[in-house]
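Build the full structure now, drawing on both the sequences and the hints.
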Amino acid sequence: MSELINSPVWRDLFVNSADNIPWYAEFVRSLLRFVIALAGGLGSVPILVWLERRLLGFWQGRLGPNRVGPFGLLQPLADALKLMMKEDITPTNVDKTLYYLAPAIALVPVICSLTVLPWNSSSDWGAVAPHLNVGILFLLAVASIEVYGVILAGWSSNNKYSLLGGLRASSQVISYELGMGLSIIAVLLMTGTLAMQELVHSQTIATNVPIPDSNYSVWTQSVSAGFWNWNIFKLFPFGLVAAVVYMISMIAETNRAPFDLPEAETELVAGFHTEYTSFKFAMFFMGEYANMMIVSAICVTLFLGGYTAPWGILGQLPASWTFFPSSVLNFINHVVIAPAWLFIKLYTLISFFILVRASQPRLRYDMLMHFGWKVLLPTALANVVLVATSMALQQLFGAVGHFIAVGIAGGLATIVMWVAYLHWKARKSGDEASRLPIRRESVVRAIAARMPVED
Amino acid sequence: MSEFWSDVRQIASEVLAPFQGMARVGVKIIEPTTVLSYPEFRRPMGRRARWRHVLNRYDNGMEKCIGCSLCAGACPANAILVVAGENTDQDRKSPGERFAERYEINMLRCIYCGFCQESCPTGAIELKDIFELAEDSRKKLIYTKEMLLVPDPQLERID
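Protein sequences appear in the order of chains D and F. Our numbering numbers the first residue of the first sequence as 1 and each following residue consecutively. Our numbering numbers the first residue of the second sequence as 1 and each following residue consecutively.
The set of hints was computed from the structure by calculation and includes no laboratory data. Model, not experiment: these values are computed from the prediction. Certain hints may be false.
Claimed, not checked - Mimicking DMTMM-like on lysine to aspartate or glutamate, the simulated pairs with C-alpha atoms at most 25 angstroms apart in a straight line are: (1) Lys-82/D x Glu-146/F; (2) Lys-139/F x Glu-3/D; (3) Lys-86/D x Glu-135/F; (4) Lys-82/D x Glu-135/F.
Said to hold, decoys possible - Derived CB-CB ranges, DEER-like: (5) Thr-33/F x Leu-396/D: 39 to 47 angstroms; (6) Pro-44/F x Pro-70/D: 26 to 34 angstroms; (7) Val-68/D x Arg-47/F: 29 to 37 angstroms; (8) Thr-207/D x Thr-33/F: 46 to 54 angstroms.
Idealized CB from N, CA, C, for every residue including glycine.
Okay, here's the thing in structure tokens:
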């Protein structure tokens, strides 16, 4: 076993840093990443569906699916089987190329984006976990391709409901991506890196450990520094604001309730996937849930410390447990415990979003746009500027600089809230009829006379 | 000034409302549900529940249906087909002159309005509370006379 681990091929495949490996090792690593992403992404969709249905059930005073398998755990598999057995209908007048392409475009980017997600920091397994130095940029770029699938599905279906759903999806995703991007920029300003792995390192105690028996590569091992070092608590309250803005735009980005306008059942049948059946529908479904998982995973990586434990001692087995060989200890620490923490955080976050879905009513479309452009975007923008201000002032005045920035933020917030209050008051007491484009009396008269409204 | 503070209180309650809702929904996860699990627990149905039809018999085993087709005439969905046959003294199926040789109801068309039951002069057809009617093909949902007839009480007694 030790000969295998110390052999040059093994080191090329799993240990050495990405700059120093031959092409076949690069290929194998890419393949492994993709297999892990496929297994992790598509494999967790059934669990997610089950979790969502069970939790929604409990929160609505029901039980949820509990028949197929223990606790209904096999229900998603049964559903998937049913979906594949269903008749695959292609409507007559659809644009065939785009119609067949759309589900793939919706699903593939999601799986791609899972490949750059860091899930541990070990030396021999961490090499498989990605080291893309523009990770978050890649994620933003790839994640926004998904909406093309939705738009193309809406367009090619030759159906007005689908088209409306696609249009709504596109405008909504574009609007909320701005707030999302700006909240990410705030984090990038704090940490100064684009690489996902380093984003995690910046929230932990990261140590550069040289790899034994080699003089050219090091690996960074990160040990949890406690949850108070997570980005969400960094530069308080700016990290928190960025996290909240990110979480809200992430719900909007994945078209989930209360922002599920593109597939609002009461208005648009099923929105962009009205005309899709069988496996093509299943692809949209999988893409949606996998996307939900990937945006939550980005949120965990950016704001909640990624795969590290909230408390240092919870992140690894005690080193005094010498009855395990060190390689086994290492394996458990890096391949079992680290991903386990990632999953715990991920599913806690997702459960929160399911709670939001269970309790919040759907927004009206103009409210959605109003909220995205007039509330979320300015907040995120101000947050970025304030983070930059805080960091500049900290360079000038040390730790006091941050409090000056918080003071500026507080002043700004007070002014904005005062103006908003005045608006609210004017709206409450103001003559509402005068603000309407149609005069109220004429509407009342027209309705009373059952005549079309004039002017 | 007091107006300002009442405004503040109102705004605060409006801002907090979604979170209150979330808390209210969230605590439901620890509350026991009042769900009755269906196949194990069947809630008794109302006395006037109108589901699947049955064709009744007299106590002596005679069919009540006399093949008059009034139910087929009354059916607004045209779901019932009755073909009458003549009774003979050797082979008597119903006390009347004729009996239903074929009696079919297309359950896919039936709207469970109960007009057939109302129109029946002998009380032969009746809508009972048998409600598990799912099948996997359209053919199987055309119920024939054999499926609709209640078992013969005379034969049951022999068993």
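The hints, checked one at a time:
1. Lys-82/D x Glu-146/F: Violated: Lys-82/D and Glu-146/F sit about 33 angstroms apart, past 25 angstroms.
2. Lys-139/F x Glu-3/D: Not OK: Lys-139/F and Glu-3/D at ~69 angstroms, beyond 25 angstroms, violated.
3. Lys-86/D x Glu-135/F: Measuring from Cα to Cα gives roughly 16 angstroms; hence the hint holds.
4. Lys-82/D x Glu-135/F: At roughly 16 angstroms apart (the allowed maximum being 25 angstroms), Glu-135/F and Lys-82/D satisfy the hint.
5. Thr-33/F x Leu-396/D: 39 to 47 angstroms: With Cβ atoms ~59 angstroms apart, the hint is violated.
6. Pro-44/F x Pro-70/D: 26 to 34 angstroms: holds, 31 angstroms
7. Val-68/D x Arg-47/F: 29 to 37 angstroms: holds, 35 angstroms
8. Thr-207/D x Thr-33/F: 46 to 54 angstroms: holds, 50 angstroms
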